[in-house]
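> Protein chains in written order, with the working numbering: chain A, 1 to 366; chain B, 1001 to 1173; chain C, 2001 to 2386.
Everything labelled a hint here was simulated from the structure, so no lab data went into it. Mixed in with the good hints there might be a few duds.
On the chain A side, residues computed to face chain C include the following (Cβ under 7 Å) [stated by the list, open to error]: (1) 39; (2) 49; (3) 62; (4) 66; (5) 114; (6) 117.
Below, computed lysine to any residue pairings styled on SDA-like, alpha-carbon distance capped at 20 Å [unchecked claim]: (7) B:1035 - C:2127; (8) A:247 - C:2105; (9) C:2223 - A:83; (10) B:1031 - C:2127; (11) C:2223 - C:2105; (12) B:1035 - A:103; (13) C:2267 - A:29; (14) B:1035 - A:119; (15) B:1110 - C:2139; (16) C:2024 - A:83; (17) C:2024 - A:111; (18) B:1140 - C:2161; (19) C:2024 - A:119; (20) C:2160 - B:1138; (21) B:1031 - C:2119; (22) A:189 - B:1036; (23) C:2156 - B:1031; (24) C:2024 - B:1015; (25) A:189 - B:1015; (26) C:2024 - B:1035.
Just a sample of chain C residues kept apart from chain B, beta carbon distances all over 10 Å, derived [as the list claims (entries may be wrong)]: (27) 2015; (28) 2180; (29) 2196; (30) 2234; (31) 2252; (32) 2267; (33) 2276; (34) 2303; (35) 2357.
Small disclaimer: the values here were computed from a predicted structure and weren't measured. Ideal Cβ positions, reconstructed from N, Cα and C, are used throughout, including at glycine.
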Amino acid sequence: MTPGLSTRELMFEAGSRAYEDAGIDPRKDVQSFICCTEDFWEGISITDEYMPDQLGAVLKPLCTISSDGIVGLATAYMHIMSGIADVAVVESHSKISDVLNPDEISSFALDPIYNHHVNADPRFVAGLEMTRYLKDTGTKRDHCAQVAVKNKKNALLNPRGVHGANLDKRAVLSSKVAASPLTELESSKTIDGSIVFVFASAQKAKKLSNHTVWINGIGWSSDTPWIEDRDMSKAAYAEQSAARAYKMAGVRNPATFFDLAEVDDTYSYKELQSLEALKLAAKGKAGKMVESGAFNRDGRLPVNASGGSLGVGHLLEATGLHRVLEAVLQLRGQAGRLQIPKAKKALVQSWRGIPTATGAVAVLGN
Amino acid sequence: MKVSQKITSYPGHEITPEDIKEGKYLDAVYKFEPKYSWAAGVAISRFLAELKEGKIIARKCMNCKRILVPPRMYCEQCFRPTDEWIQIKDTGTVNTYSISHVGTDARRLKTPILVAVVDLDGATPGMGILHNLGEVEPSKIKVGMKVRAVWKSSSERQGAITDIRYFKPIGDE
Amino acid sequence: MKNRVAIVGAGMTLFRRRMLESPKELSFEATRMALDSAGLELKDIQSVVSGSAPDAFDGVHMKGEYLLDGMGGIGKPNQRVYVGGGTGVFTPIGGWWNVASGMYDTCLCVAEEKMSPLHPHPQYAFWSIFDQILERPLGTTLLWIFSLEMRRYMHKYGIKEEEIASVAVKNKGNAVDHPCAQLGAKITVEDVMNSEPICWPVKRLDVSPPSDGAAAVVLASEKVAKKLTDQPVWLDGVGWTLDSTHWTNRDLAYPEYVEKAAWMAYKMAGIKKPRKEIDIAEVYDPFDYKELHHMEGLQLAGKGEAPQMAVDGVTQRDGDLPVCPSGGLLGVGNPIAAAGMMKICEVFWQLRGEAGKRQVKKDARTGLAQAWGDLMQVGTVAVMRS
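Could you build the full structure based on these sequences and the hints that come with them?
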């Protein structure tokens, strides 16, 4: 939590560090700035009014993409590929400490006529989906709890691991019920933070840096906004996004292609559902694989070695960029005690959170 | 191959408040109250603390030499942290003004609100803040008019922009 | 430029103070019309860009998600772009980068706004665009910032209210010929001068109304566009710029952000002398003085010279530089995001000779649409060619 700093001061700090790391001056070298924000998380209508100054973007092209950070990344990609920018900056943040009634705001995203009247913790949407997912795929409650155990344990070695903990399945399953069958320890907690990325075209990147990470594939997609219409056994948005990203990156066998994956784990079951949608596990099998340790940091395919959202914290729209940050550190060999040896190919995936069915996928390489 | 069509009709059904009052359409209202407690941050927290003392504080950027109000910890032109606190005056010049007859919710006000951008003395020229004007006939307000802040008493001040009641003209008109 | 992008279809709904249709339905109507005019089905669309301004109006958080089925976005890549009032022209710019980058061949761009749900009055949402700590406690309304700017603009260049009022007369008059218009009417300068002062110098007839409405266009890459139509309208230049948050630190008399956005678009389109090369301009006019203010930012008039052009009739439909032949926001209506898109649709129809009674006299080949937004911060510009 960051009560001492205003949102803008937080962003200035993140921006300064990113520009220093990239060796650029935002006043001269950047042609496009992209912010991923949602008004109601800020308490301001038209949030982009308050973005340019602290990013060095005054009187420059800056826009807001009201979506997850990885969609912002996709926008930067398109800006560079269309030739309108050589260097683009993407920012997203969470200042949840400013928000006094976040549950009410989450509920405000529900359909005003058909769903909003449900006067309950908005996580009921996740509870509904989890129930259906477990039934349709045969995944066990235990498997979900294991995700929380794994990620929170991973986070203990992460300097950013605010919610790291050494727990066992029993502790997770017996924690307070958030929205049955989901328990509190299986539900990530929101924290403050600001993340800034600098992107460049291939030519520019070669001049600027010697630890570049490449975006080889990107995809983003939305399933229906109607909760009632969804097939909750799968994360369709993740499947669709992954298909596009894999095609772009030429990934034919996702299950064996990657050295690490940072995927959505807003809720414990989401990691399993996402892994299946990303084809890193066959349908209904992700649970057993987590149980067997296949996705541990020292397993066959480390998933959320950083600790994910369960271990570090949820960052609202910046969650996707958090996934990317952890993957980028790995691919640069700068992940410290979390480092996965010889990490060359990473998969990152995000979800916008309830009640949406929107998410994005990126394939990164060094 | 031409595919353009000469469009002849445009969709949409208009409804009026009278329609709703007459019950032609179902009308449901629900209240939504998002609550926030915004962290003012380092710069504005100091600004507000100084307002409580009846003073206006600004920040200086040593690079471009501008004195910035409202104060900020980073200079947006140079993109670097600003360097020092500087107290500036509570007098200024009216950069522009307006006479508002409607309130926030578009309802008509009995007494119009006088609002202006006041460029403060001591800050870089053109550095203004938004505030109200008072103790002045609306028809006598002019761009370029010199004004001074009228403060609340020290026991009434809370560390808010409203610690200044309004700005009023200095001296004779 | 890598890939040339064309607009191949457009559609819009009526703009009215209060519509029966839900936000999703408004989006659907505009989308369906745009697809029909392009001769396409939803399956032909590869990506969707949506634009809608403050969530506070429709009354749904993460509005983009709520609207996406009405915009045909299920199962597709969706982006919601948002730059305040500039969104309407920025939405097709978002579509532009989807296609110009080579990612997609077709993109649907939809802008929707339903302001009427907000009680007691849509104006209230604008209170929350101001700084929470330094400005809102003063009881701010959006009208303040416009009237402050209008006052400054008039003061700096010695412009009279009557000169500004002529713009309202022109636009509302133009809107009589627009089938979707909310406030098309034949009024006089005297009517404007006599209308009640809302936030002096702004009077009732100087302002555009809050509205509900939606508009949409379909974009396609060059090779697809050429197969679909022999009258594509090329989106040859796009530009956008955001100025500093601290609007009270700037001289409001001149919109520098519009100038920068304009040059970005002009450079891309290869335009060096805008006043000569632009045939028709849909300039953002939420207030009558804004049309003049923006014309100067767009380099279509020298500083302080736009009012004379208006008074001389240069900006009439039969003039040398028709401005807002549609009737603009003043006449057609102002559903924030959809209004800018309406301007894009207008230029599209004008450049194809399809604007019916609104068709400008001169042979228009190059057109411009511009939108503004935020706290006097955003300029978004699109240059189109037939």
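> If a hint holds in the structure, say so; if it doesn't, say that too.
Consistency of the hints with the structure:
1. 39: Because about 5 Å separates residue 39 of chain A from the closest Cβ in chain C, which is inside the 7 Å limit, the hint holds.
2. 49: With a closest approach of 4 Å, the residue 49 of chain A hint holds.
3. 62: holds, 4 Å
4. 66: holds, 4 Å
5. 114: Status violated, d = 11 Å.
6. 117: violated, 14 Å
7. B:1035 - C:2127: holds, 15 Å
8. A:247 - C:2105: Holds, because 16 Å separates the two Cα atoms, which is no more than 20 Å.
9. C:2223 - A:83: holds, 19 Å
10. B:1031 - C:2127: Distance of about 17 Å is within 20 Å: holds.
11. C:2223 - C:2105: Holds - the C-alpha atoms of residue 2105 of chain C and residue 2223 of chain C are around 8 Å apart, at most 20 Å.
12. B:1035 - A:103: Since the Cα atoms of residue 1035 of chain B and residue 103 of chain A sit roughly 11 Å apart, the hinted pair holds (cutoff 20 Å).
13. C:2267 - A:29: holds, 18 Å
14. B:1035 - A:119: With a Cα-Cα distance of about 18 Å, the restraint between residue 1035 of chain B and residue 119 of chain A holds, given a limit of 20 Å.
15. B:1110 - C:2139: holds, 15 Å
16. C:2024 - A:83: Distance ~34 Å between residue 2024 of chain C and residue 83 of chain A Cα, so the pair is violated.
17. C:2024 - A:111: Since the Cα atoms of residue 2024 of chain C and residue 111 of chain A sit roughly 11 Å apart, the hinted pair holds (cutoff 20 Å).
18. B:1140 - C:2161: Between residue 1140 of chain B and residue 2161 of chain C the Cα gap is close to 18 Å, so the pair holds against 20 Å.
19. C:2024 - A:119: violated, 24 Å
20. C:2160 - B:1138: Holds - the C-alpha atoms of residue 1138 of chain B and residue 2160 of chain C are around 18 Å apart, at most 20 Å.
21. B:1031 - C:2119: Given pair residue 1031 of chain B, residue 2119 of chain C holds - Cα atoms ~9 Å apart, limit 20 Å.
22. A:189 - B:1036: holds, 18 Å
23. C:2156 - B:1031: Given pair residue 2156 of chain C, residue 1031 of chain B is violated - Cα atoms ~44 Å apart, limit 20 Å.
24. C:2024 - B:1015: OK: residue 2024 of chain C and residue 1015 of chain B at ~17 Å, within 20 Å.
25. A:189 - B:1015: violated, 44 Å
26. C:2024 - B:1035: The given pair, whose Cα atoms are some 28 Å apart, is violated under the 20 Å limit.
27. 2015: Not fine: 8 Å to the nearest Cβ puts residue 2015 of chain C too close to chain B.
28. 2180: violated, 5 Å
29. 2196: The claim breaks: residue 2196 of chain C does not keep its Cβ more than 10 Å from every Cβ of chain B (closest is about 8 Å).
30. 2234: holds, 15 Å
31. 2252: Violated: least Cβ distance 6 Å, not greater than 10 Å.
32. 2267: holds, 23 Å
33. 2276: Per Cβ check, residue 2276 of chain C is outside 10 Å of chain B; nearest 28 Å; holds.
34. 2303: Given that every Cβ of chain B is farther than 10 Å from that of residue 2303 of chain C, nearest at about 17 Å, it holds.
35. 2357: Non-interface label on residue 2357 of chain C holds, nearest chain B Cβ at 13 Å vs cutoff 10 Å.
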